[in-house]
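Listed in order, the protein sequences are those of chains A and B. 255 is the number that our numbering gives to position 255 of the first sequence; each next residue is one higher, with no gaps. 266 is the number that our numbering gives to position 266 of the second sequence; each next residue is one higher, with no gaps.
Just so you know, the hints here were simulated from the structure itself, not pulled from any lab data. Worth double-checking, as some hints may not be accurate.
As the list makes no split between identical chains, a pair holds if one copy fits it or if it spans any two.
To be verified - Simulated crosslink set (DSS-like; lysine-lysine; CA at most 30 Å straight-line):
| no. | residue 1 | residue 2 |
| --- | --- | --- |
| 1 | LYS373 | LYS328 |
| 2 | LYS29 | LYS374 |
| 3 | LYS52 | LYS357 |
| 4 | LYS342 | LYS100 |
| 5 | LYS283 | LYS76 |
| 6 | LYS381 | LYS365 |
| 7 | LYS52 | LYS29 |
For reference, the chains in residue letters:
2 protein chains.
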Amino acid sequence: MIKFSNIKPDNFSLEFSSLAREKNQNNDKIISFGLGEPYFKPPDKLVKLVNKAINNGFNRYCHPQGLLSLRQQIAKKYSFLEENIVITAGAKPALSILLKILLHDKDEIIFFEPCFPSYRHQIHLANPKAKFIRFNLTKNFSINFSNLKKKINKKTKIILINSPHNPTGQVINEADFEDLLKLAKKHKFYIIIDGVYNDLIYKPYNYNYLDKNIIYFSSFSKVYGITGWRIGYLHSTNQQIINACKYIQMHVNTNTNTFLQKAISDYLKNDDFKIKFRSKLQKKTFLLEKIFKKNQIQINIPMGGFFAFICIKETNLMSDDFAFLLLKKYDVAVTPGVLFGKKWDNYVRICFAVNNKDFNQGINKFIQFYNEKKTQAINSKRIKPLSNKIS
Amino acid sequence: MIKFSNIKPDNFSLEFSSLAREKNQNNDKIISFGLGEPYFKPPDKLVKLVNKAINNGFNRYCHPQGLLSLRQQIAKKYSFLEENIVITAGAKPALSILLKILLHDKDEIIFFEPCFPSYRHQIHLANPKAKFIRFNLTKNFSINFSNLKKKINKKTKIILINSPHNPTGQVINEADFEDLLKLAKKHKFYIIIDGVYNDLIYKPYNYNYLDKNIIYFSSFSKVYGITGWRIGYLHSTNQQIINACKYIQMHVNTNTNTFLQKAISDYLKNDDFKIKFRSKLQKKTFLLEKIFKKNQIQINIPMGGFFAFICIKETNLMSDDFAFLLLKKYDVAVTPGVLFGKKWDNYVRICFAVNNKDFNQGINKFIQFYNEKKTQAINSKRIKPLSNKIS
Chain A
1 MIKFSNIKPD NFSLEFSSLA REKNQNNDKI ISFGLGEPYF KPPDKLVKLV NKAINNGFNR
61 YCHPQGLLSL RQQIAKKYSF LEENIVITAG AKPALSILLK ILLHDKDEII FFEPCFPSYR
121 HQIHLANPKA KFIRFNLTKN FSINFSNLKK KINKKTKIIL INSPHNPTGQ VINEADFEDL
181 LKLAKKHKFY IIIDGVYNDL IYKPYNYNYL DKNIIYFSSF SKVYGITGWR IGYLHSTNQQ
241 IINACKYIQM HVNTNTNTFL QKAISDYLKN DDFKIKFRSK LQKKTFLLEK IFKKNQIQIN
301 IPMGGFFAFI CIKETNLMSD DFAFLLLKKY DVAVTPGVLF GKKWDNYVRI CFAVNNKDFN
361 QGINKFIQFY NEKKTQAINS KRIKPLSNKI S
Chain B
1 MIKFSNIKPD NFSLEFSSLA REKNQNNDKI ISFGLGEPYF KPPDKLVKLV NKAINNGFNR
61 YCHPQGLLSL RQQIAKKYSF LEENIVITAG AKPALSILLK ILLHDKDEII FFEPCFPSYR
121 HQIHLANPKA KFIRFNLTKN FSINFSNLKK KINKKTKIIL INSPHNPTGQ VINEADFEDL
181 LKLAKKHKFY IIIDGVYNDL IYKPYNYNYL DKNIIYFSSF SKVYGITGWR IGYLHSTNQQ
241 IINACKYIQM HVNTNTNTFL QKAISDYLKN DDFKIKFRSK LQKKTFLLEK IFKKNQIQIN
301 IPMGGFFAFI CIKETNLMSD DFAFLLLKKY DVAVTPGVLF GKKWDNYVRI CFAVNNKDFN
361 QGINKFIQFY NEKKTQAINS KRIKPLSNKI S
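My request is simple: use the sequences and hints to build the entire structure.
Printed below as a string of structure tokens:
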């Protein structure tokens with residue numbers, strides 16, 4: 001049950017960027033660092049496999065849990081068991097199904113801000129009587145465990161983490177992961193891991209996803225440039241959870257698109273695309289580090305995914321004003337930090353999954369705008385005390 | 001929130017038929033009248049348009065409401081407004097979203113049995129505190145309005161109808177539709193119409209779907225043989241409902257597959273496929289009428305879609321036994337009536353969207369089995385009183 005009055009438009013992220021893309025189509029040459037989508041077309045080989053799957057008859061209903069062949073490929077990759085995986089129409093449906101199953105009335109779920117804006121809405125839609133606890137990351141985007149422990153109690157049912165993280169590009173380290181898992185086991189809650197950027201971690205980590213307190217979900221959207229295709233998956237070693245997921249999938253969705261499942265399962269048998277993409281992204285982070293350092297602008301270098309979250313405090317602008325003025329003056333679209341949490345209005349997110357030319361031009365324009373606004377901010381501070389004296 | 005203990009496997013329909021299909025693949029030559037899927041491949045032209053849409057870049061996120069071009073095609077077909085339509089990943093998600101929005105605690109929803117088995121689960125998942133009222137159709141599969149009126153009260157929020165109807169193949173007539181609508185306006189409830197077989201009504205009807213008490217949803221699955229693709233839509237002239245649907249779609253699904261939306265919108269501009277399919281189905285109903293009449297087996301001839309619901313009372317078998325024995329002896333798969341409602345255990349559903357050869361062979365085997373079991377039933381009745389006398 002949802003109340004009509006509770007529904008407010010909250011799709012700045014999508015609408016702003018679709019506006020930017022429209023302007024691009026009108027030859028306004030807007031560089032979009034806005035939406036979380038890579039710039040490239042899907043791999044040719046994958047497109048051919050889609051066509052092949054359709055022609056080979058993969059157009060009918062399939063099992064609600066998903067095609068065995070795709071679950072086998074995913075199982076192989078993570079050392080999962082195929083019976084512990086459910087294929088979903090993307091990562092959002094995976095999380096929605098999990099929240100629907102796990103969040104009972106009065107249960108508490110902790111998530112970290114800045115965060116992906118849909119989380120709080122997904123929680124509300126799963127159970128409006130569950131309580132969500134926003135927990136802010138530190139200034140260097142890590143978890144303060146002593147503060148976190150104060151938020152954990154008997155009602156804590158889930159801690160939701162996203163790694164690599166949207167919008168900061170940070171990756172949880174193994175020590176923090178283990179500490180979280182210890183807390184989960186001690187206090188009997190689940191850790192749900194949003195791993196949609198998991199294939200884009202620059203330096204590999206080794207996490208234990210097989211623990212029964214861990215539930216993992218991910219998608220194929222971000223790595224292959226197929227955000228609009230809608231295909232993802234979830235994993236849990238708890239068979240009750242998997243059975244409940246199958247039940248919901250069966251009655252709410254029937255199944256995830258059959259030919260896409262077949263095509264992707266064939267594609268995963270021999271995929272070097274993601275390694276190349278990851279390497280390109282990492283090179284861009286080196287460039288980011290160099291340019292920002294040179295201009296003495298602080299940046300937390302991303303460790304995975306394709307987002308950087310940049311502090312704009314020096315410009316004295318709120319994040320939505322910064323984004324609007326940057327788009328207006330320099331035709332560069334970024335996402336205001338305030339969309340990822342009220343306390344993050346001094347930040348903007350850039351998506352650097354763009355081609356090299358756009359990246360170089362866009363970052364230079366960004367820096368130029370930043371420096372202009374920084375100078376203005378310094379000057380206005382100098383003027384203000386003077387005018388105060390005059391008045 | 002759902003309880004693990006409430007989750008019971010209820011996918012006989014899918015599993016039975018997938019077993020039948022597997023046997024088919026093993027060259028066991030099973031004729032499947034089981035699952036609600038047409039036998040053919042998707043139209044070649046549509047498959048080409050899918051490939052074209054992918055190659056033209058329709059692989060990214062799109063608006064949660066759906067591509068304008070597809071909404072325009074749907075609007076044109078029904079005289080809807082494009083802003084009143086939301087594209088969903090099939091009919092089931094459309095209904096789930098609507099139930100989620102409309103069903104508040106203690107609200108009542110009436111649906112007619114026999115019915116599509118997912119309805120009750122979808123209602124439970126949308127709001128376990130809503131009450132569902134099963135209302136049985138008459139023996140000729142129509143609505144007894146004087147009985148129905150007794151079920152309507154202040155808490156009645158929704159009446160859910162499916163026309164053409166699964167499993168009976170009956171179509172609501174305009175007079176009954178108007179009577180329902182009058183009741184809806186008088187008692188302030190919504191009529192949700194499941195129109196997934198709407199394109200397969202043999203004789204056209206003229207319904208007023210534009211009334212604010214009517215919500216309509218449908219899919220492209222059944223007409224084009226694309227049940228596994230997952231694409232459908234919903235319509236309401238109530239803008240609050242549409243806004244709520246967009247909100248849920250945004251946060252639970254992001255959007256429906258983008259290239260499918262583009263391909264189908266192009267395809268609908270010039271589609272003669274469904275007219276041919278409908279005509280083939282209607283011819284099969286003429287054959288059904290002829291064969292059943294000849295064998296003196298009662299049948300309500302379908303008026304749309306591709307199901308017939310056949311009374312098997314004369315065979316003295318429960319519907320699941322009938323289905324099991326028919327598959328075992330004659331390699332013909334049908335769906336037991338009990339899956340569509342407890343009181344319909346004297347019926348089996350056949351899906352006649354099969355090719356002509358399978359249709360002819362399958363129906364002949366069905367009739368042969370039916371007659372054998374009918375004879376056995378008559379003989380066992382004759383024997384029983386005799387044995388009673390002896391004992």
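Status of the hints after comparison with the structure:
no. : hint               : result
1   : LYS373 with LYS328 : within (14 Å within a copy, 79 Å between copies)
2   : LYS29 with LYS374  : within (25 Å within a copy, 76 Å between copies)
3   : LYS52 with LYS357  : between (34 Å within a copy, 27 Å between copies)
4   : LYS342 with LYS100 : both (26 Å within a copy, 28 Å between copies)
5   : LYS283 with LYS76  : within (29 Å within a copy, 50 Å between copies)
6   : LYS381 with LYS365 : within (24 Å within a copy, 91 Å between copies)
7   : LYS52 with LYS29   : between (36 Å within a copy, 25 Å between copies)
Checked against the numbered hints above, the structure breaks none of them.
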